[in-house]
Amino acid sequence: MSSDHLTRRGLLQGSAVLAAAAPTLSANATTPRTIGANAMMPVELTVNGREVHLQLDPRTSLLDALREHLHLTGTKKGCDHGQCGACTVIVEGRRINSCLTLAVMHDSEAVTTIEGLGTPDKLHPMQKAFIVHDGYQCGYCTPGQICSAVSVLEEIKAGIPSHVTDDLDEVAISEAELRERMSGNICRCAAYPNIVAAMRDVAGEAKA
Amino acid sequence: MRPFTYERATSVAAAAKAAASVQGARFIAGGTNLLDLMKLQIETPTHLVDVNHLGLDRIEKTDDGGLRIGALVRNTDLAADKAVRRDYAVLSRALLAGASGQLRNKATTGGNLLQRTRCPYFYDTRMPCNKRQPGSGCGAMQGMSRSLAILGVSDACIAQHPSDMAVAMRLLDAQVDTMGADGVARSIPIADFHLLPGDTPHRETALKAGEIITSVTLPKPIGGTHVYRKVRDRASYAFALVSVAAVFGKDGSARFAFGGIGAKPWRTPEADAAAKQGAKAVAEAALTGARTTHHNDFKTLLVERTLTSIYRQRETRA
Amino acid sequence: MKFDTPAGPNPIDRGRVIGIPHDRIDGPAKVTGSAPYAYERHDAAPNAAYGWMVGSAIAKGRIAAMDLRAAEAAPGVLGIVTHANAGKLGKGSMNTAPLLGGPQIDHYEQAVALVIADTFENARDAAKLVRIDYAAADGKFDLAADQAKGVKPDGGDPDTAAGDFEAGFAKAAVKVDQRYTTPDQSHAMMEPHATTAAWNGDKLTLWTSNQMIAWGVGEVAKTLGIPKDNVRLVSPYIGGGFGSKLFLRADALLAALGAKQVGRPVKVALARHQIPNNTTHRPATIQRIRIGADKDGVIDAIGHEVWSGDLPGGGPETAAMQTRLLYRGPNRMTAHRLVTLNLPEGNAMRAPGEAVGLLALEVAMDELAEACGVDPVELRIRNDVQYDPEAGPQRPFSSRKLVECLRAGADHFGWAKRNPKPGQVRDGRWLVGMGVAAAFRNNLVQKSGARIGVDAKGRVIVETDMTDIGTGTYTIVAQTAAEMLGVPLDQVTVRLGDSRFPVSAGSGGQWGANSSTAGVYAAAMALRAKLAEQAGYPADQALFEDGLVKLDNKSQTLASLAGRDGLWAEDSMDYGDLDKRYAQATFGAHFCEVGVDIDTAEVRVRRMAGAFAAGRILNPKSARSQVIGAMTMGVGAALMEALDVDTRFGFFVNHDMAEYMVPVHADIPQQDVLFVDELDDKSSPMKAKGVGELGICGAGAAVANAIYNATGLRLRDYPLTIDKLLKAQAA
Ligand SMILES: Cc1cc2nc3c(=O)[nH]c(=O)nc-3n(C[C@H](O)[C@H](O)[C@H](O)COP(=O)(O)OP(=O)(O)OC[C@H]3O[C@@H](n4cnc5c(N)ncnc54)[C@H](O)[C@@H]3O)c2cc1C
Ligand code: SF4
Ligand code: FES
Ligand code: FES
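Chains G, Y and E are the protein sequences, given in the same order.
Following numbering that gives the first Met the number 0, the numbering of the first sequence begins with 0 at its first residue and continues without gaps.
Following numbering that gives the first Met the number 0, the numbering of the second sequence begins with 0 at its first residue and continues without gaps.
Following numbering that gives the first Met the number 0, the numbering of the third sequence begins with 0 at its first residue and continues without gaps.
There may be inaccurate statements among the hints.
Covered stretches of chain Y (in silico footprint by chain G; criterion: 3 or more residues with CB under 8 angstroms from a CB of chain G, positions within the stretch not fixed) [unchecked claim]: (1) 71-84; (2) 230-243.
With a Cα cut of at most 30 angstroms, we get these calculated BS3-like pairs of lysine-lysine [to be verified]: (3) Y:60 / Y:16; (4) E:726 / E:1; (5) E:148 / E:416; (6) E:456 / G:127; (7) Y:60 / G:156; (8) Y:207 / Y:60; (9) E:259 / E:170; (10) E:726 / Y:279; (11) E:170 / E:420; (12) E:553 / E:446; (13) Y:279 / E:416; (14) G:121 / G:156; (15) E:620 / G:121; (16) E:90 / Y:275; (17) Y:219 / Y:249; (18) Y:38 / Y:16; (19) G:127 / E:90; (20) E:553 / E:579; (21) E:1 / G:121; (22) E:726 / Y:38; (23) E:90 / E:170; (24) G:156 / Y:81.
These are computed hints drawn from the structure, not numbers from a lab.
Glycine included, C-beta positions come from ideal geometry on N, C-alpha and C.
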């Protein structure tokens with residue numbers, strides 16, 4: 000069905016040529032660099048309640064602004080492409096993947112990271128529950144899981160439905176709901192049932 | 000990611016103008032697709048026009064009873080919107096079946112329509128790909144094509160359109176409202192919005208340079224029972240192998256649109272016409288002209304089975 | 000300390016701290032994001048530049064020319080490492096292909112350059128400007144096509160035999176003879192391979208993510224051609240490994256070379272999309288299993304042959320290992336054949352060998368059960384054997400509670416309710432089925448050392464180069480020290496993962512927990528002797544509890560005995576031949592219930608349960624987490640995980656986390672774990688064994704068997720995806 004059926008050899012060489020040629024073919028090598036492109040831009044964020052002023056390369060993701068510029072390394076980089084959830088932070092009250100957004104796009108916005116939820120001496124209830132229920136192993140996905148977990152309980156409270164919500168107008172906590180809503184946070188150590196247990200624990204507490 | 004300049008547009012007209020006047024400029028909305036591709040230098044804009052602050056984040060009734068959805072309405076907000084839940088549940092369902100909670104909080108209506116294929120050869124810049132690098136060949140066709148399209152494909156490209164939301168939009172006969180760099184607004188029927196690959200797979204939509212999506216308009220509600228069924232390799236956070244959007248009328252008439260199988264969100268009048276004959280007939284009508292590879296030929300059967308499942312559940316509910 | 004006779008009663012038996020499900024002591028650091036991982040050492044290397052790896056665009060061939068001019072001229076670029084300027088490099092003894100390729104290319108995405116710049120953004124951008132012309136060569140990428148070219152690998156024990164397999168199988172009343180395949184799999188740990196490197200003169204420090212500190216030091220020294228004494232590795236926190244971080248990898252080597260070149264610290268993390276092709280993976284297998292039994296299912300002959308591929312100089316996937324030990328039968332054979340392929344490097348992933356061997360063997364047992372009309376649990380009980388069936392009764396198992404696990408698990412799970420006839424149980428749109436599989440994983444012991452001290456305040460401090468890759472090491476090491484010295488857990492500080500500390504077993508092969516705590520035991524015994532001596536009590540009569548050293552009604556505090564300078568002792572646990580005289584292994588039984596959509600063949604795991612016997616369980620909380628994590632990886636192997644090979648270009652196509660599927664929250668239901676009481680006195684003074692890998696062994700087969708019970712579809716090519724199920728059903 001293909002008009003450009005190549006022999007295996009041809010394909011292999013094709014790939015080599017392509018790889019070699021790619022940079023010269025891309026628009027950037029032939030067109031002059033954008034004027035002012037490396038210029039730094041001022042970005043003002045409120046991170047965990049603290050106002051910070053940064054001068055950033057516009058290419059800087061929110062994730063790298065946190066980790067590399069503010070040294071808030073609690074937020075993790077697992078994939079840098081929206082595929083894992085390790086970089087989850089709460090921006091203006093909503094959880095997002097901080098790897099797939101630019102810091103400059105969030106100028107004058109408020110960001111909450113894992114460091115803003117609690118500290119070892121003053122744990123957030125969700126952090127405490129993760130310890131009690133062993134909702135982690137290697138700990139690398141954990142800050143993202145916790146930021147998501149906190150947000151998920153809020154989202155359910157706000158009546159936002161999910162893929163497993165039977166009646167879109169009746170949103171309530173259930174095991175299935177928590178599992179579906181947390182699915183954007185991969186845990187390869189697979190502490191999944193423990194994370195759900197931690198969330199249920201906190202949700203129960205909140206209800207009381 | 001190549002260096003670029005960045006500006007926050009202050010009005011729709013200014014955004015369109017800015018995007019048209021700088022060569023290689025692009026709009027950025029949620030950024031969840033564009034930045035993904037920019038990091039790999041599959042997209043290499045020289046200038047980004049941030050359209051997040053143009054007030055395009057409202058959902059409002061139209062004069063004729065439809066719904067106008069601002070291009071910057073987040074997927075989460077659209078899915079949760081009261082009117083959408085009530086009158087266009089298939090759209091809520093499709094949105095909620097896509098991506099993850101975090102991504103939906105960022106992803107926008109306009110950006111979702113414009114997300115590009117997930118073809119793995121498109122994503123690896125060392126591989127031949129006619130869509131990414133016209134004329135370089137198609138790596139997928141003779142390669143691993145399990146996830147790719149079987150309808151609307153061409154000799155140049157068999158990439159699938161990955162969006163769930165767009166499938167529901169197609170089903171609902173949405174209109175894509177835009178403004179051009181010249182300040183002229185127009186509405187493009189969703190059926191004409193996405194282009195088939197033909198021998199120019201790098202051309203994906205009817206948008207012109209600098210043309211900005213301002214909203215997506217849904218015609219007035221059509222009632223009926225709304226279903227969105229997505230079949231994938233894991234229970235969540237995965238693109239569709241096959242998805243079916245359907246709205247059933249009380250009389251057994253129905254309309255269908257399909258995801259995961261088309262070079263664009265797929266819909267044929269023949270499939271709708273076969274509704275009363277059952278799943279098999281609908282599948283057969285929808286799949287007319289399908290071209291499969293060794294790796295994705297299961298999708299024809301899966302379309303039929305997904306429809307069967309939908310019909311079966313209708314019966315058990317009725 | 001040498002362990003060469005079975006352990007008698009010892010202080011660990013008190014079980015005041017050991018065996019208690021304590022919360023992890025590293026918990027507060029992990030849940031607040033304050034635990035520093037390798038790429039996050041702003042504290043230790045504040046001025047680090049950023050390195051971005053460039054990977055090969057071809058699978059095999061040569062670099063014809065490299066043009067670095069554009070990249071070097073790009074903003075912020077500080078230097079570029081390539082084979083041409085890296086100097087002469089050795090190759091680590093555990094690496095199959097060189098970590099820095101060129102001019103020869105051994106596999107796709109093999110590192111060919113590191114671009115170093117002042118910022119991450121500049122490094123990533125400039126890397127794209129490195130221009131490379133390749134001369135590609137033909138390679139071999141298709142295991143099935145080249146299966147016949149498999150050869151007997153060097154070393155190890157690729158083949159074993161006992162009795163006369165062919166004769167036994169030929170005359171068997173009931174026979175199973177099937178072919179199974181498992182795909183290449185990716186570890187997909189959440190933290191990418193990452194290293195921050197800094198030189199101080201000729202001394203190199205690597206803050207890295209590595210499971211095996213001492214191996215790493217040796218391999219860095221060998222590759223760079225510098226003395227081991229000049230290399231320090233620091234890995235206090237590791238964001239998952241699963242075998243992927245057992246070895247020196249490109250991130251660490253390139254960071255070291257880069258830091259040398261630019262004269263300042265450099266940090267490198269592999270990009271997610273580079274990992275599957277650049278690093279190691281679990282190799283695909285083709286397996287043939289033949290089982291001959293009498294009509295009651297009692298096995299007379301069992302044979303297991305395995306084909307896998309690797310780069311020249313690589314090794315086989317030892318998927319027949321468990322078949323040597325798991326079931327009875329006088330006539331037996333196993334064989335491994337290795338095919339030379341030019342795909343990326345194969346190596347260990349969680350339970351290498353067994354994890355995929357059991358995907359085949361335990362389905363074959365299910366097929367045998369059906370052929371004989373014997374319940375699958377009962378079939379396994381009938382074929383239990385209390386000694387190494389290849390060696391005979393003179394080599395008994397140190398402990399083996401497979402039957403107890405099968406019974407306890409079946410009971411808990413409600414196995415009795417299973418309908419043995421496939422395709423009978425319906426729940427709405429779901430066909431429901433149950434499956435069982437045995438779990439088996441060898442128990443390995445490794446020499447392991449530690450240093451332990453008491454400071455002036457009576458705080459106990461343990462230092463060892465052992466790592467915690469999520470396994471709970473911090474906590475069980477602390478528990479061991481607390482138990483041995485009679486202090487509460489919160490009075491113990493544990494420092495891990497630094498090559499300045501005594502060499503430990505490291506984290507691999509599920510030996511970590513037992514071996515590393517045994518090392519701490521040895522050091523603690525030495526410290527107890529010193530403390531007792533200080534107190535003037537006979538060491539073998541002194542009692543260590545409540546922070547005191549006691550003799551009769553006398554006592555002294557640890558703090559007072561330690562004095563102002565503290566008191567330290569160091570020792571290691573070394574092993575005799577108990578593991579030769581006794582077969583040592585861990586056992587278990589997996590139970591799984593699945594639903595399979597009647598129309599679309601979507602599979603959902605509805606519940607899982609497992610019972611496991613793995614010696615003393617040092618911390619039931621973290622051990623349970625290890626097991627459920629491994630069960631989940633087993634679900635992944637059964638249902639979705641596969642690296643797709645493009646046999647034209649010779650690479651894994653789905654090389655990111657959107658395309659390489661691993662289970663997410665929504666895939667994993669309730670998972671129950673039972674630990675069967677067991678103390679293994681021939682394993683170590685801890686009487687423990689490993690558990691971190693046991694949980695994956697057999698888990699996927701239980702899923703596959705449940706799918707069969709639900710649908711009557713017997714699939715033998717993993718993963719069991721929708722397309723395969725639909726095709727099988729249509730056939
Ligand atoms: C891991 C992962 C999993 C995913 N899974 C799914 C899934 O299962 N189903 C699914 O449907 N989607 C899925 N997605 C895709 C996701 O839905 C899209 O990335 C998102 O919808 C894009 O919206 P955005 O606003 O972020 O677009 P952006 O990235 O901001 O923009 C995308 C494109 O649209 C252009 N654009 C944006 N807004 C406008 C406008 N107003 N006018 C003109 N042009 C505009 C941009 O220039 C760009 O070219 C997934 C994404 C990831 C990363
Ligand atoms: S299918 Fe289309 S997107 Fe994929 S490699 Fe071929 S041309 Fe590129
Ligand atoms: S790092 Fe952002 S989703 Fe993986
Ligand atoms: S705790 Fe290791 S990935 Fe979740």
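message: Under the constraints set out in the numbered hints, which ones does this structure not fulfil?
response: Of the numbered hints, 4, 5, 9, 12, 13, 16, 19, 20, 21, 22, 23 do not hold.
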